[in-house]
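*Asks:* If you want the building blocks of each chain, they are given just below.
There are 2 protein chains.
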Amino acid sequence: MEGEPTLRLRIFNLNCWAIRYLSKRRQQRVRLIGDTLRQEGFDLVLLQEVWSEQDYSELKAKLAGSYPFSHYFRSGVIGSGLCVFSRFPILDTLLYQYSLNGYPYMLQHGDWFCGKSVGLVVMKISGIIFNVYVTHLHAEYCRDKDAYLPHRLVQAWELAQFIRHTSKAADVVLLGGDLNMHPEDVGIRLLRGWTGLQDAFAEAMRFEGCKNGCTLVPDNCFTDKSELLPFPLGIRIDYILYKAISSFTVKCEELKTTTGRAPGTDIPFSDHEAVMATLHIQRQGQPAGATLGTPEPALADVVAEARAEVGAGLRAARRQRYSSGRMAVLALLLLLLQAAAALATLAGLGAEQPFPKLSFCLLAFLALGVLVLATGLHLFRTMEVKMLHGTEDQMWMVLRALQERP
Amino acid sequence: MEGEPTLRLRIFNLNCWAIRYLSKRRQQRVRLIGDTLRQEGFDLVLLQEVWSEQDYSELKAKLAGSYPFSHYFRSGVIGSGLCVFSRFPILDTLLYQYSLNGYPYMLQHGDWFCGKSVGLVVMKISGIIFNVYVTHLHAEYCRDKDAYLPHRLVQAWELAQFIRHTSKAADVVLLGGDLNMHPEDVGIRLLRGWTGLQDAFAEAMRFEGCKNGCTLVPDNCFTDKSELLPFPLGIRIDYILYKAISSFTVKCEELKTTTGRAPGTDIPFSDHEAVMATLHIQRQGQPAGATLGTPEPALADVVAEARAEVGAGLRAARRQRYSSGRMAVLALLLLLLQAAAALATLAGLGAEQPFPKLSFCLLAFLALGVLVLATGLHLFRTMEVKMLHGTEDQMWMVLRALQERP
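Order-wise, the sequence lines are chains A and B. What the first sequence shows, in UniProt numbering, is residues 1 to 406, in sequence order. What the second sequence shows, in UniProt numbering, is residues 1 to 406, in sequence order.
Quick caveat, the hints were computed from the structure, so don't treat them as lab data. On a predicted model such as this, the values are computed, not experimentally measured, just so you know. Be aware that a few hints might be false.
Here are the computed lysine-lysine pairs in the DSSO-like style, where the Cα-Cα straight-line distance is at most 30 Å [to be verified]:
no., chain 1, residue 1, chain 2, residue 2
1, A, K124, A, K168
2, B, K357, A, K124
3, B, K124, A, K168
4, A, K145, A, K62
5, A, K251, B, K168
6, B, K251, A, K168
7, A, K357, B, K357
8, B, K357, A, K168
Between the sequences and the hints, there should be enough to build the whole structure, so can you do that?
*Replies:* Put into structure tokens, the structure is as follows:
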């Protein structure tokens with residue numbers, strides 16, 4: 001039905017890199033982001049890495065006129081960093097915190113403290129129900145030897161499962177976020193294959209911005225140039241994905257990225273480029289059919305590939321759980337030995353204490369410290385093993401179902 | 001349409017109390033549970049507190065004939081303890097881990113280590129889509145001064161939100177589990193009010209079992225009699241809840257509980273009684289309408305009451321976060337002071353070290369220990385504050401929407 005009215009939706013997505021005390025020129029950039037959003041008047045704004053609630057409050061106050069509806073998702077120690085601003089009322093929200101998200105002792109990476117999550121906001125625009133998801137997955141610190149790949153794959157899987165299970169009554173699904181994966185990575189293929197989401201960059205009728213739609217580019221003065229050496233054009237890790245579930249079609253009329261600096265200024269919004277999409281949503285005569293969960297021919301291969309990576313992560317986690325357990329047992333044995341020696345000395349069994357008191361005490365404290373740390377690590381690894389194992393199982397179930405289908 | 005065929009579904013729910021090394025006569029009871037389930041041939045079995053994967057595997061092997069489909073939900077250090085056995089194929093699963101679940105340092109309670117969660121399995125029986133949820137909420141250790149009430153309320157809220165968001169394509173929703181709340185508690189009223197779930201015990205046409213449907217009764221040889229002193233008949237904390245979403249009606253034909261011992265034996269299945277429901281599901285001529293989210297007249301009051309409790313928890317968590325932060329700062333100051341004293345001695349500023357070396361070292365280790373523990377506690381309390389605040393916010397949003405409705 002060509003005559004049906006079209007809904008035009010302008011979406012803005014940005015990883016804001018707004019870490020208090022650490023991100024360069026944070027306050028200036030947050031002000032700039034707020035000013036631009038107010039001027040441009042998008043319909044929907046999806047932000048990541050707004051770590052400080054004060055930054056969110058300032059944005060909220062500034063944007064109250066043009067985006068009267070907003071939501072900030074709280075989680076973890078620092079916060080999820082995720083928030084949404086909207087021209088249209090937010091009817092409902094839900095937060096799903098990923099079960100794996102790096103390691104608390106990797107302080108220099110800090111992902112664990114963020115409680116990485118996916119946030120869902122439900123909206124009704126012109127009678128169309130939108131499920132809008134915003135997320136930020138675990139960062140990739142070393143592509144060649146990516147220790148976090150299994151965790152990121154678990155996150156991509158949980159994201160896909162969360163979208164599938166929560167979007168069944170939606171007409172249109174939108175996902176924006178920093179997925180920390182290149183377009184050809186197994187996690188993206190898994191997410192897209194298992195949810196049926198389409199990539200706005202690939203589908204856009206018009207594109208304007210960094211070459212290949214990159215969102216981490218050498219032209220941006222805040223990016224780490226050494227990290228981008230293997231990718232002279234930059235990399236694409238920030239996405240807007242979409243799909244229609246019921247009797248609607250979604251088309252991406254235009255996709256834009258910023259190009260190393262905010263429009264009309266000399267500094268960028270962030271170390272990431274913003275992604276801006278203009279979508280057309282139109283009611284179809286007939287239901288679009290089972291877009292949800294339609295298996296692409298190659299889906300089973302993708303799930304198998306992801307499952308192999310998760311399995312490798314599981315084996316590594318099991319080895320590390322064993323090591324930390326062994327370390328805890330050794331420390332406990334040392335402590336017991338020391339206790340026995342101390343008791344023997346007290347009981348007057350030994351003629352004289354063989355060690356100087358200070359070294360003896362220092363050793364005991366060292367052993368106690370190792371025992372506490374190794375036990376904590378062992379518990380953490382046990383959780384990691386449980387979640388990797390659970391995901392591997394789920395993937396296996398899906399794989400079997402896919403292979404059994406004609 | 002009276003002529004539509006009726007689906008009759010027999011459901012078994014039990015908190016199995018199967019903690020390795022701790023629960024009395026565990027192996028015997030798990031065998032007994034397995035034997036009974038095999039004999040009785042229920043359609044659907046929802047179990048909690050199956051902490052050991054070995055117990056699950058043994059049950060799975062024993063029940064392979066009568067319940068060919070099953071799922072075990074892994075989470076936390078110990079596991080979620082949740083599993084499902086079914087006569088009908090399980091199409092899909094999803095696990096949602098509650099964001100708050102007690103405190104890791106409350107070792108004697110141990111809830112934190114279990115990663116308490118809600119598990120979802122999706123099934124299609126006779127063309128009817130069932131969303132089946134199984135869960136176990138945080139225990140109540142002291143009813144008069146329930147320190148975990150805010151956490152349990154956050155869990156009840158997250159459970160309700162998870163069910164609402166994931167069940168939109170389901171025809172029938174079933175929830176079984178140990179909710180650790182009495183029927184009149186605010187958490188149960190919140191859960192039922194916000195999801196529209198009905199209580200099988202209250203709706204049952206026939207009931208047989210412990211008086212008032214109690215599931216923790218003094219007649220059970222494993223229950224702690226002192227805990228039940230204020231409740232001579234026992235308490236009801238295990239539930240089967242249900243609702244129809246689309247054009248179906250669900251009726252509870254019969255509800256049964258065990259009565260302090262397993263049928264035909266002298267020992268109980270567990271310290272909890274099993275709950276067994278026989279449901280009738282029938283297609284209606286017309287859609288049942290918006291059962292989902294229908295606000296009961298008193299719903300706003302219930303949400304406000306729950307929000308007040310969460311708010312009280314938030315204030316307490318903030319105070320404790322402050323205390324732990326202050327403790328960490330004091331320990332750090334002491335350490336710095338000691339470091340300065342040690343440096344001064346080394347530099348020959350003081351004539352002689354004023355403390356004996358051993359006491360000096362012991363004090364430093366003590367300060368270090370306090371610093372590490374207080375910092376850990378501070379981080380944990382920060383997460384707690386975030387989640388309580390987030391839930392309070394969500395409840396406020398819902399409250400506002402409920403009050404704005406005509």
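*Asks:* Against each hint, give a clear statement of whether it holds in the structure.
*Replies:* Here is what the structure says about each hint:
no.: 1; hint: A:K124 with A:K168; in the structure: 15 Å, holds
no.: 2; hint: B:K357 with A:K124; in the structure: 70 Å, violated
no.: 3; hint: B:K124 with A:K168; in the structure: 15 Å, holds
no.: 4; hint: A:K145 with A:K62; in the structure: 43 Å, violated
no.: 5; hint: A:K251 with B:K168; in the structure: 25 Å, holds
no.: 6; hint: B:K251 with A:K168; in the structure: 25 Å, holds
no.: 7; hint: A:K357 with B:K357; in the structure: 10 Å, holds
no.: 8; hint: B:K357 with A:K168; in the structure: 68 Å, violated
Of the numbered hints listed earlier, those contradicted by the structure are 2, 4 and 8.
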